[in-house]
Amino acid sequence: MSLKIAIIGCGKIADAHVEQIRRNRSAELCAVCDTEPIIAEQLAVRYTIPHCYSDVASMLSDMKPDVLHITTPPQSHLSLTRQAVAAGCHIFLEKPVALHHCDAEAIVSAVVAGGRKLAVNYWPRFETPALELHRLYESGVLGIPVHVESYTGYDFAGEFGLALRRDPEHWVHRLPGKLFQNMLDHVLNKITPFLIDPQPSIEAIAWSGEAGAAETCRSELLDELRVVIRGTQTSAYATFSAHARPVSQTLRVYGTKNTAYIDFAARTVVLERKQTFPSALGRLFPPFLVAKDYFGQGMNNVNSFWHSRFHYFEGMHRLVDEFYLSIERNAAPPIPYEEILRVSAMMERIFQQIYPEVRA
Amino acid sequence: MKVLVTGAGGFLGVHVVERLLAHGYTNIRCFLRDPGKTKRLIELSEQYVGAQLELCYGNLRSKADCAVAIADVSLIVHLAAGLKGAPAELFADSVVVSRNLLEALEARAVSPKKNTRIVLVSSFGVYGVVPLGRGARIDERSPLENHPELRDTYSHSKLRQEQLFRDYQIKDGFELVVLRPGVIYGPGGGAFSNRVGLQIGPVFLHMGGRNLLPLSYVVNCAEAIVLAAGHPDSAGQVYNVHDDDLPTASGYLRLYKRHVKRIHSIRLPYFVTRMLARSLESYHRSSQGQLPAIITRYKAAAAWGGNSFDNAKLHALGWRQLVATPDALAQTFQYLRQKETKG
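Protein chains in written order, with numbering that gives the first Met the number 0: chain A, 0 to 359; chain B, 0 to 342.
Please keep in mind that the hints were generated in silico from the structure rather than gathered at the bench. Because the structure is a prediction, the values reported are computed rather than measured. Here a beta-carbon is modelled for each residue, glycine too, at the ideal position from N, C-alpha and C. One or more of the hints may lead you astray.
Said to hold, decoys possible - In silico contact screen, one side only, chain A against chain B (beta carbon under 7 Å); selected entries:
#: 1; residue: 37
#: 2; residue: 41
#: 3; residue: 158
#: 4; residue: 161
#: 5; residue: 162
#: 6; residue: 164
Model the full structure from these sequences, guided by the hints.
This is the structure in structure tokens:
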């Protein structure tokens, strides 16, 4: 069976969606839509997509897609989800899920009530090292997670950062959590699988790095964020930085048995093991053991590259495939809805602490 | 006459404002997005007696800002365009803003047909040079690109922008003058056009070889724009803009190495470039886009197809190169050297 796919929202991230949809052999991208016809047209022309629309109702009615990828700003996610579910579509939603946690709950409710499925684009969670970490955790190699450190860097000189800086009217500036709301899903969704608590305690501070740490919360666009999360069993640090270099994405999980460290940019996952060598030998061997691990990871990456499984959005490709498969087989979607909502609830609590108007 | 210059704070914009003042236009609205780019414009207003430069900040993506920009003007020099970034951003900054501007003009109480002339600064990139074959001479009668999806996104967006202006011109009847500059260069600009080659990691792949570079020194380009803007015969016309004594790509690279800094470059003859492009295309396809096809045979033919260029039509309008190419290159390299020294 070939799934008919459509996209609403033809901005920057839509390119990545088009490319991953086209890599799936059981999917056919039939149409794209954007309220700005020129932006819809450019995407359709560049990727030779047969139909483009500026009105989502017309697209849903003409094309009758099985899946709608919603890649619009989050302000429109709830209404578009309701409209698409009513038209019989499953939903692949770009993060952030919604403006507020209550909207995220309404999105999940609408999908469940309509008997459809939902996935949110938590693509780093589906990268090879993240899956390997999950395997290590599930097999008990790490033991019980004691602490998790999730770090995400940001580059204002990059494609997305430039768009934000150039345009004071950019939709990100109008989010309750501003820049953080557009990025924090990827920081927190790496932590939530290791937290058993539905509502852990959260303490957040934020500031504008350009003005300096002393200017906490004064700047309109804060770009440095530190969050301390404490659950009954596991604690976590979530860090977002727009000024630290190199720009990276890392995750470290400290377990009662071993610690795992993931570098998402280099696509490596390395286990930091308890030393068994005695005395000075215990200090002599570890660098070589770590080097051996990295060499092995490097060779795995070469293998992935050789077999064309080393794309930038490889995790998104895997997530899209799993989501489509869950539709075809009527199986559980790849990301539990409970986890999507937990991330959304944590984000809102963080924004309430750093942007007082969110609390109001 | 009140003149609007969009993108007035940009690399080309400040020179266009300067040339407008030099040609006797005094009432100029300088529309710019970044308030940090006003220093040179303020200097110009002090330098030219009687100059009334109105600095107007905004973003042409906003229809309200467009309405403010076009109020009371009878000549619009439209320079604002996206130069880099994601494709959607390029189209938003070049095509959507143009549409907003044209719609604001349509909505203006005064009839645009009778009172307004628009000078659009387009690009050489709109020409469809590939079907013409190697060595074709490019002038204003050369065909436009039929396969924009096969070209770089910048060229694609400029072609769409031009089409948009033509559609509105037919509908609204304003006077349209289109200028298509080649590679605009000068102090404040970049060092290399793709027509010279591509920097891949630490190595500069030099594909340009003996291809002529259609350089347009920023002052000479601004002079052409202002001349065409005010010429009674230019309405409805298109002008290619480049300087007279054009260097080859290899000549430019040699001078750069001599006057700015040594760089490690590898010369790729055209047939090698084609082979490389074929391999990249093939790999891009088979790997489902694991590596981008930054060079394709089509792009290679468009950029390094041995074309020659003709600016006779611009000369017929009375344009003369204000800064000779050796002087222009010297000033540019001096700027680039200072930039390199500062790091």
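Evaluation of the provided hints:
| no. | hint | verdict |
| --- | --- | --- |
| 1 | 37 | holds, 5 Å |
| 2 | 41 | holds, 5 Å |
| 3 | 158 | holds, 5 Å |
| 4 | 161 | holds, 6 Å |
| 5 | 162 | holds, 5 Å |
| 6 | 164 | violated, 10 Å |
Hint compliance for this structure: hint 6 alone is broken.
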